[in-house]
Amino acid sequence: MMIKFNQVSKRYPGGFEALSQVDFELERGELAFLTGHSGAGKSTLLKLIAKLETPSSGQLLVNGVHLNQLHKKAIPAYRSGLGITFQSPNLLHDRSVFDNVALPLQIQGMAPVMVGKRVHAALDMVGLLSKEKMLPQHLSGGEQQRVGLARAVVHKPALLLADEPTGNLDPGLSSEIMKIFEQFNQVGVSILIATHDLALIAGMRHRIIMLKRGRVC
Amino acid sequence: MLNALRAQASYHVQAAINSFNALCQRPLATMMTVIVIAIALTLPTLFWVCTDNLKQMTIDWQKGGHISLYLKTPMTAAEEKAMLEQVRAMDGVGKAVLKSRDEGLVELQKQEGMQDIMMYLPENPLPAVIDVMPAPGVNDPLKMKQLFERLKALGQTEQAKLDMEWISRLHAITGFVARIAHAVMALLASAVVLIVGNTLRLAIHNRREEIQVLKLIGATDAFILRPFLYSGVWYGLAGAVFAVLFVNIFMLSVGLAVDQLALVYHMHYPLLGLSVKQAYMIVLVSICLGWLGAKLSVKRQLGLIEPYT
Chain D
1 MMIKFNQVSK
11 RYPGGFEALS
21 QVDFELERGE
31 LAFLTGHSGA
41 GKSTLLKLIA
51 KLETPSSGQL
61 LVNGVHLNQL
71 HKKAIPAYRS
81 GLGITFQSPN
91 LLHDRSVFDN
101 VALPLQIQGM
111 APVMVGKRVH
121 AALDMVGLLS
131 KEKMLPQHLS
141 GGEQQRVGLA
151 RAVVHKPALL
161 LADEPTGNLD
171 PGLSSEIMKI
181 FEQFNQVGVS
191 ILIATHDLAL
201 IAGMRHRIIM
211 LKRGRVC
Chain A
1 MLNALRAQAS
11 YHVQAAINSF
21 NALCQRPLAT
31 MMTVIVIAIA
41 LTLPTLFWVC
51 TDNLKQMTID
61 WQKGGHISLY
71 LKTPMTAAEE
81 KAMLEQVRAM
91 DGVGKAVLKS
101 RDEGLVELQK
111 QEGMQDIMMY
121 LPENPLPAVI
131 DVMPAPGVND
141 PLKMKQLFER
151 LKALGQTEQA
161 KLDMEWISRL
171 HAITGFVARI
181 AHAVMALLAS
191 AVVLIVGNTL
201 RLAIHNRREE
211 IQVLKLIGAT
221 DAFILRPFLY
231 SGVWYGLAGA
241 VFAVLFVNIF
251 MLSVGLAVDQ
261 LALVYHMHYP
271 LLGLSVKQAY
281 MIVLVSICLG
291 WLGAKLSVKR
301 QLGLIEPYT
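Chains as they are written, first to last, in our numbering: chain D, 1 to 217; chain A, 1 to 309.
Hints should not be assumed to be uniformly reliable.
Said to hold, decoys possible - Cut-off 27 Å, straight-line C-alpha distance, at most; resulting in silico cross-link-like pairs (BS3-like, lysine-lysine):
#, chain 1, residue 1, chain 2, residue 2
1, D, Lys73, A, Lys299
2, D, Lys72, A, Lys110
3, D, Lys179, D, Lys73
4, D, Lys73, A, Lys295
5, A, Lys143, A, Lys72
6, A, Lys299, D, Lys72
7, A, Lys95, A, Lys110
8, D, Lys4, D, Lys179
It is worth saying that the hints were derived from the structure and are not from the lab. Values in this document were obtained by computation on a predicted structure and should not be read as measured data.
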């Protein structure tokens, strides 16, 4: 079991309940889509998994870690075991594509020679090997998204979380990105992708988890 | 294990180079901060150099603080000689000169008007005197006093006189100046910590987004702190180098004026500049202060920044 939600609720200050009593599981090696209207709680669910938010009630188990009991000091180590990519790729604009993708490995303290090999492999997978020396702002939106993807997988995480990874892209680029996700999934990475683009995922044979007003249905 | 250490070391070197480059990209802002730090360091350093010079000067002056031993009368010349040797052999005695009774009389008679008075005296009333200059190590009132007590306890001493009052005063003055210097040092050291802290607080504010991204992908606080700590170290180092430069320029220009003044009084006071050891010391202390300022300010700020999505 990669992810297990057990009666998880999240209520924000002010009373808004983004998630109520959510139960769902993601198997190891599974790729699943999380969908629903905006405001249905997709982002909140991903934030809970990334330990960016804490549940108001319920149990949350990710890759063998009980997130409720995770100490603040242990959060960085936990997060460095995940791959996270969001709608805005969150790249550092004063560093080259290579340096951006290398960050997770540098955080782990990997030897620079190894870093080079791994970064090149990740950039090769997303088809951006030729642009490693460029700065992010000189890339197109789709390319930036792919750099973010390369950064999310360069350290070979067991679980990859993606929040609207195709949100800003045209349909052609979107399906291209989805193909990359499927490639990762084929090498064993568990993936949870939040998206509202039903047309895009309808043609793909993966489980779809539907969220409606904070509940799984 | 060794490889992991080597990797860590290479990341540290990388972080140091990166933060150096980042500072160089904003030369004006960096320079202003560095100069402010340098000025904050220059003041206590000048105090330090000045107290050193004062000490150097007063070592010469303390030669005036001598002890006169008046020997018992009558004593034979051989006894006086033996006494002189005994005094010379004592610990803490730099130089001892015997002035015999006859020499004392001759000296006295040379003074205006004394010759007439001497004529009325049946015999030489003067005792033999041993003038004792303390050794250079005996440089504070307490040691002086101890030496004086030991000399006084010698059998053949009738009376001993210690010319010490002004040495005590001088000592009090140098002590006072040193005390002020310490207070100024402490104040300005905390100024350096605050300057670096405040500068980096702004730097953190400007790099808020970057820190959020780093936290999101699992960077530890130590990893995020690293470049800022190196910035603090660079600020400290550059500030210290400029401070050493400022102090030396100041001492050179003051040195010329002092030379001219001393020349008028037919004296010579070679001014001491900053020694190499002192310069190293300032650089080291300043680096530590820069590091501390960065650590204190950044660590606090970092806790306030949480990643967003």
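Against the 27 Å threshold, does the CA-CA distance of Lys95 of chain A and Lys110 of chain A hold or violate the hint? Holds, because 25 Å separates the two Cα atoms, which is no more than 27 Å.
Quick one, are Lys299 of chain A and Lys72 of chain D close enough, alpha carbons at most 27 Å? holds, 15 Å
Sort out whether Lys110 of chain A lies within 27 Å of Lys72 of chain D, counting only the CA atoms. violated, 92 Å
Distance restraint between Lys73 of chain D and Lys299 of chain A, which requires alpha-carbon spacing of 27 Å or less: holds, 14 Å
Taken at face value, is the distance from the CA of Lys295 of chain A to the CA of Lys73 of chain D at most 27 Å? holds, 18 Å
Going straight from one Cα to the other, do Lys143 of chain A and Lys72 of chain A come out at no more than 27 Å? Holds. Lys143 of chain A to Lys72 of chain A sits at ~25 Å (cutoff 27 Å).
With a cut-off of 27 Å on the C-alpha distance, tell me whether Lys4 of chain D and Lys179 of chain D pass. Distance of about 26 Å is within 27 Å: holds.
Sort out whether Lys73 of chain D lies within 27 Å of Lys179 of chain D, counting only the CA atoms. It is violated: about 36 Å lies between the C-alpha atoms, which goes past 27 Å.
Checked against the numbered hints listed earlier, the structure breaks hints 2 and 3; every other hint is satisfied.
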